[in-house]
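K.L.:
Just so it is clear: in the sequence shown, position 88 is 88 by full-length UniProt numbering, and no numbers are missing.
Just so you know, the hints here were simulated from the structure itself, not pulled from any lab data. There may be inaccurate statements among the hints.
To be verified - Subject to a maximum C-alpha distance of 20 Å in a straight line, what follows is the list of computed SDA-like cross-link-like pairs (lysine to any residue):
1. Lys-132 <-> His-157
2. Lys-132 <-> Gln-99
3. Lys-132 <-> Gly-115
4. Lys-132 <-> Tyr-118
5. Lys-132 <-> Gly-101
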Amino acid sequence: LLAQARILSRIGEIALLEGDIDEAEQYYRRALTLLSGADRRERLSADESRATLPSASDAAGLDSLRAQALLGLGVVMRQRGHYDEAAAMLTEALRLYEQEGNQPEVATALTRLGGVAYLRRNFPEALAAWEKALAIRRTIGDREGEGSSLLNIAQVHTSLGDYAAALPLLHQALDIQRTVGNRWWENAVWNALGIIALTVGDYAEARRCLTTAERLSASVGDESGVAIARFNLAQVERECGDDAAAFARLQEAQQWAHENEDREFEAQCLTELALT
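With these hints in hand, go ahead and build the complete structure from the sequences.
P.N.:
In structure tokens:
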């Protein structure tokens, strides 16, 4: 049963990576149902036959798989906008991973909890979760995770308008991602730097950062990253008075959103197109 649950969770993870949240939810819930049944059957068998209770390793295996499924299902609920459910699932996953002493997954759960808090605009809670995740990443020597945590923390400061606090963190994150060679995260940092430059009116710097983000996204096949960079570059073009260039970039971003059924992003593109 543990092997079956592990397979179901893995299929859910793949579906989530492919953007199929309906299928992901289905497989994660099936895994959790199977694990609950396995736990009940083991305890019932022990009571009725006077067999020994499940070993510590078996119990740990159940809890670890349960945490894995909850971690994935929490992301599904977050993407559906069900933030209360997402937070509850991620909090339980965090508890199980802390009980297990699995520090890398504790950091992952904290990162995802911070993401839910950030979407709720509960910036103090997001900051607290992401700073804890950062401390763990540094302790275990996870440089890539350290860089992503720095980016997350910088996003909180950016949302609060504290660019002086955000910029040093972003440059630290950029140095780390360049060192480890993660172009996906490097692209995200360039995009964040570009947004700050755009917000403060440094359009030349914004164009440089966002063009770099667009190029890096294209180099790793990240079509969503290309679309986001083009959406942001459209704002630069519009602020510089080139409405035709802005309109063209927005159309490209909107086309990607439409083809990939990203309704929220498509709505943003259409709104900006109407204003251009």
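K.L.:
The structure should be examined with respect to each hint, and the outcome stated for every one.
P.N.:
Hint check:
Of the supplied pair hints, the one linking Lys-132 and His-157 holds, its CA atoms being roughly 16 Å apart against a limit of 20 Å. With a C-alpha separation of about 16 Å, the suggested pair Lys-132 and Gln-99 falls inside the 20 Å cut-off, and the hint holds. Taking the CA atoms of Lys-132 and Gly-115, the gap is near 13 Å; set against the 20 Å cutoff, the hint holds. Under the criterion of a C-alpha separation no larger than 20 Å, the hint pairing Lys-132 with Tyr-118 is consistent with the structure, at around 15 Å.
The hinted pair formed by Lys-132 and Gly-101 meets the criterion: a straight-line CA distance of about 15 Å does not exceed 20 Å.
Of the numbered hints listed earlier, not one is contradicted by the structure.
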